[in-house]
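The task is simple: from the sequences and hints, build the whole structure.
6 is the number of the first residue of the sequence shown in my numbering; add one for each residue after it.
Just so you know, the hints here were simulated from the structure itself, not pulled from any lab data.
Some hints here could point you the wrong way.
[Stated by the list, open to error] Distance condition first, Cα-Cα at most 25 angstroms in a straight line; then the derived SDA-like pairs of lysine to any residue:
id: 1; residue 1: Lys99; residue 2: Gln32
id: 2; residue 1: Lys101; residue 2: Leu72
id: 3; residue 1: Lys101; residue 2: Gln32
[Stated by the list, open to error] So the derived label-pair ranges between C-beta atoms look like this:
id: 4; residue 1: Asp102; residue 2: Gly73; range: 52 to 60 angstroms
id: 5; residue 1: Leu126; residue 2: Met183; range: 32 to 40 angstroms
id: 6; residue 1: Met100; residue 2: Val155; range: 23 to 31 angstroms
id: 7; residue 1: Gly73; residue 2: Asp175; range: 32 to 40 angstroms
id: 8; residue 1: Lys49; residue 2: Arg110; range: 33 to 41 angstroms
id: 9; residue 1: Gly193; residue 2: Leu116; range: 48 to 56 angstroms
id: 10; residue 1: Gln71; residue 2: Val28; range: 36 to 44 angstroms
id: 11; residue 1: Glu168; residue 2: Leu126; range: 28 to 36 angstroms
id: 12; residue 1: Val123; residue 2: Leu191; range: 53 to 61 angstroms
id: 13; residue 1: Val123; residue 2: Arg31; range: 46 to 54 angstroms
id: 14; residue 1: Lys104; residue 2: Cys156; range: 24 to 32 angstroms
id: 15; residue 1: Gly172; residue 2: Thr131; range: 39 to 47 angstroms
id: 16; residue 1: Ser124; residue 2: Lys49; range: 51 to 59 angstroms
id: 17; residue 1: Val108; residue 2: Gly73; range: 54 to 62 angstroms
Cβ atoms here follow ideal geometry from the backbone N, Cα and C, with glycine treated the same way.
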Amino acid sequence: CLEDIRRYLCLYWFTMVNQLHQVDPRQENIEEYITEDELAMLTKRRSNHAVIVVKWVGSRLMHLEQLGYISPLQLHETNDGLEGMIEAFDGLVKMKDTKVPFVVRQMCTGLTMFFVYVSPLSLATTFRDMFTDFTTILARTLLSSFLVGVCYFSMNTTARRLEDPLGLYDHDLPITDMGRALAQELSGIFHEHIPPVVGVLEGGDEKKGPNGKKKVAVGKA
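Encoded structure:
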C-alpha cells in the first residue's frame, strides 16, 4: 500500500502535467508509476485523470486504516490533504482553460497600434517647439517613433506570451522538472531507513537516554 501511494502521488502530478500541456495521457513520464491495468482504467475517462488518481490514493489509505497501520484520525487528516490536491488541480485547470477574451485582446492590440502610429504627430509638434532645423526635427521624430513602437509592441507580445504560464515554452513554469524533483523526494521518504522509536509501550525495556533520564526503547518502526 505504501509503494502504491508513492506511485500514485507521482502519477497524480504527471497526469496533471499532461492535461495542462494538452497532450495524450499515454506519455513516457507516467510509465514508471502505472501498470497496464491501471492505465486502462485511467484512460476510460477523457480528462481529469488526476482526480481518479486521488481516488486511488484514498482507497489505499482506507485499506491501511482497516489494517490498523493508521488511526481514523490520521485518515481524516489525510483526507484533508486529498481535498487540497483536488483543489490545486482544479485551480491549475482553471488557469489553463480561462483565456483572455478575443475582444479584449483585439482591443488591446488595436489601441497599441493606434497609439504607436499617432505618437509621431505629438512628437513632431514637441520637437518643432524645441528646434528650428527641419532635419533635426525629422531625425528626432523618426528615432523617437521607432523606439516607442518597439517598446509598446514588445510589451504587447510579451503579455500574450505570459498569459499562459503552464505551456511548453522556456519561460513557462517548469512543472515537469518539479514533478521529477517530487518523485525523487518521495522515493527517499519511502525507502530511507528511520531511527528507532523511543516512548512508552507495554512490555518495553527501560534504558537511559543521553541526558541520564530513563526512557523506554520500544523497537524499530
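Evaluation of the provided hints:
Proximity of Lys99 to Gln32 is assessed by CA-CA distance (about 23 angstroms); at most 25 angstroms being required, the pair is judged to hold. Between Lys101 and Leu72 the alpha-carbon distance is near 40 angstroms, which puts this suggested pair outside the 25 angstroms criterion. Under the criterion of a C-alpha separation no larger than 25 angstroms, the hint pairing Lys101 with Gln32 is consistent with the structure, at around 20 angstroms. Roughly 43 angstroms separates the CB atoms of Asp102 and Gly73, a value that falls outside the hinted 52 to 60 angstroms.
Between Leu126 and Met183 the beta carbons are some 50 angstroms apart, a value that contradicts the proposed interval 32 to 40 angstroms. At about 30 angstroms, the CB distance of Met100 to Val155 agrees with the hint of 23 to 31 angstroms. The hinted window of 32 to 40 angstroms between Gly73 and Asp175 is violated, with their beta carbons roughly 49 angstroms apart. Against the hinted window of 33 to 41 angstroms, the Cβ-Cβ separation of Lys49 and Arg110 comes to about 37 angstroms, which satisfies the hint.
Between Gly193 and Leu116 the Cβ separation comes to about 53 angstroms, which falls inside the hinted range of 48 to 56 angstroms. One distance hint, 36 to 44 angstroms for the beta-carbon pair Gln71 and Val28, holds here, with the actual separation near 37 angstroms. Taking 28 to 36 angstroms as the suggested C-beta distance range, the pair Glu168 and Leu126 conforms, at roughly 31 angstroms. One distance hint, 53 to 61 angstroms for the beta-carbon pair Val123 and Leu191, holds here, with the actual separation near 57 angstroms.
Taken as a hint, the range 46 to 54 angstroms holds for the pair Val123 and Arg31, whose Cβ atoms sit roughly 53 angstroms apart. Separated by about 25 angstroms at the C-beta atoms, Lys104 and Cys156 satisfy the suggested range of 24 to 32 angstroms. Between Gly172 and Thr131 the beta carbon distance is about 41 angstroms. The supplied range of 39 to 47 angstroms therefore holds. Between Ser124 and Lys49 the Cβ separation comes to about 57 angstroms, which falls inside the hinted range of 51 to 59 angstroms.
As the Cβ distance of Val108 to Gly73 is approximately 60 angstroms, the hint placing it in 54 to 62 angstroms holds.
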